[in-house]
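**Student:** We have chain Y already, so just place chain F with the ligands on it with the hints.
Chains as they are written, first to last, in full-length UniProt numbering: chain Y, 1 to 242; chain F, 1 to 242.
Each hint should be verified, as a subset may be incorrect.
Claimed, not checked - The list that follows gives simulated cross-link-like pairs (lysine to any residue, SDA-like), each with its CA atoms no further than 25 Å apart: (1) F:LYS208 / F:ARG194; (2) F:LYS103 / Y:ARG240; (3) F:LYS67 / Y:HIS176; (4) F:LYS149 / F:ASN190; (5) Y:LYS98 / F:HIS232; (6) Y:LYS215 / F:GLY16; (7) Y:LYS239 / Y:PHE10; (8) F:LYS88 / F:MET134; (9) Y:LYS239 / Y:GLY73; (10) F:LYS208 / Y:ASP207; (11) F:LYS103 / F:GLN56; (12) Y:LYS208 / F:GLY237; (13) F:LYS149 / Y:THR152; (14) Y:LYS98 / F:ASN156; (15) F:LYS98 / Y:PRO183; (16) Y:LYS67 / F:ARG194; (17) F:LYS215 / Y:ILE202; (18) F:LYS208 / Y:LEU206; (19) F:LYS88 / F:LYS112; (20) F:LYS98 / Y:GLN223; (21) Y:LYS208 / F:LYS173; (22) Y:LYS103 / F:MET153; (23) F:LYS103 / Y:ASN190; (24) F:LYS239 / Y:VAL235; (25) Y:LYS51 / Y:GLU65; (26) Y:LYS3 / Y:SER53; (27) Y:LYS239 / F:GLN210; (28) F:LYS95 / Y:ASP207; (29) F:LYS215 / Y:ASP101; (30) F:LYS103 / Y:ASP181; (31) Y:LYS173 / F:ASP101; (32) Y:LYS208 / F:LEU201; (33) F:LYS173 / Y:GLY71; (34) Y:LYS215 / F:TRP236; (35) Y:LYS177 / Y:THR136; (36) F:LYS103 / Y:PHE10; (37) F:LYS208 / Y:ASN190; (38) F:LYS239 / Y:ARG204; (39) Y:LYS215 / F:ASN238; (40) F:LYS174 / Y:VAL20.
Calculated from the structure, these hints are not laboratory results.
Number of protein chains: 2
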Amino acid sequence: MSKLPVMEIFGPTIQGEGMVIGQKTMFVRTAGCDYSCAWCDSAFTWDGTGKDSITQMEPEQIWDELKRLGGNGFSFVTISGGNPALLKNLDGLIKILKQNDIKVCLETQGSKWQDWFFQIDELTISPKPPSSGMLTNFEILDTILDNLKARTMNQNVSLKVVVFNDEDYLYAKKVHKRYPDIPIFLQVGNEDSRTTDDQVLISRLLDKYQWLIDKAMLDDDLQNIKVLPQLHTYVWGNKRGV
Amino acid sequence: MSKLPVMEIFGPTIQGEGMVIGQKTMFVRTAGCDYSCAWCDSAFTWDGTGKDSITQMEPEQIWDELKRLGGNGFSFVTISGGNPALLKNLDGLIKILKQNDIKVCLETQGSKWQDWFFQIDELTISPKPPSSGMLTNFEILDTILDNLKARTMNQNVSLKVVVFNDEDYLYAKKVHKRYPDIPIFLQVGNEDSRTTDDQVLISRLLDKYQWLIDKAMLDDDLQNIKVLPQLHTYVWGNKRGV
Ligand code: SF4
Ligand code: SF4
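The shape of chain Y in the complex, shown without the other chains:
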């Protein structure tokens, strides 16, 4: 018995951000985070407001639920949180997914290493910039990215930094400079993860996206980068579970 705290399971939908943007995927969101970012868009996974939705599930149960929702229509599962890297026993779920030929995508802020990182097909490390209120432990981050040098050609690793302001932008540059060989994604921050006025939200997000593009395009320190929005907010606004 090795249960996992599951917050929600949904899909199929598209991955709205990062290295596999646009990918058809199922989502498993785990509960719990060691951070408390000021602008966390999934604070319900750790701030107590969602605690009634947490279910302790065996990997087999999670797989059953994925099949019930997604049938035979998917080959990709994204594990998100919270911080799924808190869960040492996540390897049970990863194993079942692999046995069923499912590609696995996972995102974590890089505050903790797990040996099962090597089994993730598309691994995003997303250290949090100053606006989050969190402080990056670069020694741990160094260890994680150093360990990952032993990965196989089949595993993709990327960095992703959310940028809300100039200070965050400088932080993103610092991260890129420290790990120049890891593909890096700059992502526009969503300053208002609560509004339900989608029109206003999109127009603000697009302004912010253009601001970030303009900065990065003029910046010789950022030669090889990708700048992306969160596509799902364009399509579904701030709605959850899509």
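**Tutor:** This is chain F with the ligands only, laid out in the frame that chain Y set:
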């Protein structure tokens, strides 16, 4: 002397679509196309309206112009058209780019093979669906994708199909079924590549994007796909040269 017909050179900007969406890149747009798609958004490259902008340029001149515009701020160049695969002598430009450690991205509809395809880092083959009014020669497409099986691990190849309607969608499925091992991108068609009302444009494009997502998510034949918009139209509307 091996000059190339160049329509425009611009950047740095982001790649708005496909396999390297979000990538900081320079663009070189070549003139001429063997197709005449009904909804071509760069018809000025082949319909005569842009003929005064075509400059015959040596690869060295193109490189000089790229450096003049992009300085030391880029490491990625996208060659688009028209159909750049019409130009046998494009290898001269590719060679200079490679010598300068530039990654090269290129898109072609797949109507013609060139040996220099092997030198493209990120190659997109985008066969045109029925709404284009064009007819795909699947024998040629077979040959191209068969040849590309000899590519190295460093070269990425993808298929991209623009979808305007149900018939196009069925065509995309057919393409995916024929080449199941090649990553495929479905891209929302822009039905109005002339309007200057960006608000209306974005709202229409988002509706269409959601329509395409909804179809693909429910479709068991499309397990492993990516569904993407053209990000640049969200940010810049139908403006050219950005
Ligand atoms: S690390 Fe992620 S889940 Fe945790 S608080 Fe920050 S944004 Fe939220
Ligand atoms: S193949 Fe491309 S450039 Fe040529 S007509 Fe069609 S859309 Fe336009």
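**Student:** Compare the distance between the alpha carbons of LYS103 of chain F and ASN190 of chain Y with 25 Å, and conclude whether the hinted pair is satisfied.
**Tutor:** Not OK: LYS103 of chain F and ASN190 of chain Y at ~31 Å, beyond 25 Å, violated.
**Student:** Verify the proposed pairing of LYS208 of chain Y with LEU201 of chain F, using a straight-line Cα cut of 25 Å.
**Tutor:** Judged against 25 Å, a Cα distance of about 19 Å means the pair holds.
**Student:** Take a quick look at whether LYS103 of chain F and PHE10 of chain Y sit within 25 Å of each other, Cα to Cα.
**Tutor:** violated, 37 Å
**Student:** Taken at face value, is the distance from the CA of ASP101 of chain Y to the CA of LYS215 of chain F at most 25 Å?
**Tutor:** holds, 23 Å
**Student:** Would the pair LYS239 of chain Y and GLN210 of chain F pass a check requiring their Cα atoms to be no farther apart than 25 Å?
**Tutor:** holds, 14 Å
**Student:** Please work out if LYS239 of chain F and VAL235 of chain Y have their alpha carbons no farther apart than 25 Å.
**Tutor:** Distance of about 22 Å is within 25 Å: holds.
**Student:** Taking 25 Å as the top limit, are the C-alpha atoms of LYS88 of chain F and MET134 of chain F close enough?
**Tutor:** holds, 23 Å
**Student:** Is LYS208 of chain F within 25 Å of ASN190 of chain Y, Cα to Cα?
**Tutor:** Holds - the C-alpha atoms of ASN190 of chain Y and LYS208 of chain F are around 23 Å apart, at most 25 Å.
**Student:** Tell me if the straight-line CA distance from LYS208 of chain F to ARG194 of chain F falls inside 25 Å.
**Tutor:** Distance ~17 Å between LYS208 of chain F and ARG194 of chain F Cα, so the pair holds.
**Student:** Below or equal to 25 Å on CA atoms is what counts here, so check LYS239 of chain Y against PHE10 of chain Y.
**Tutor:** Roughly 13 Å separates the two Cα atoms, so the pair holds.
**Student:** Is the Cα-Cα distance between LYS103 of chain F and ASP181 of chain Y 25 Å or less?
**Tutor:** Answer holds: LYS103 of chain F to ASP181 of chain Y is near 14 Å, not above 25 Å.
**Student:** Against the 25 Å threshold, does the CA-CA distance of LYS215 of chain Y and ASN238 of chain F hold or violate the hint?
**Tutor:** holds, 22 Å
Of the numbered hints given earlier, the model fails hints 2, 4, 5, 16, 21, 23, 28 and 36; all others are met.
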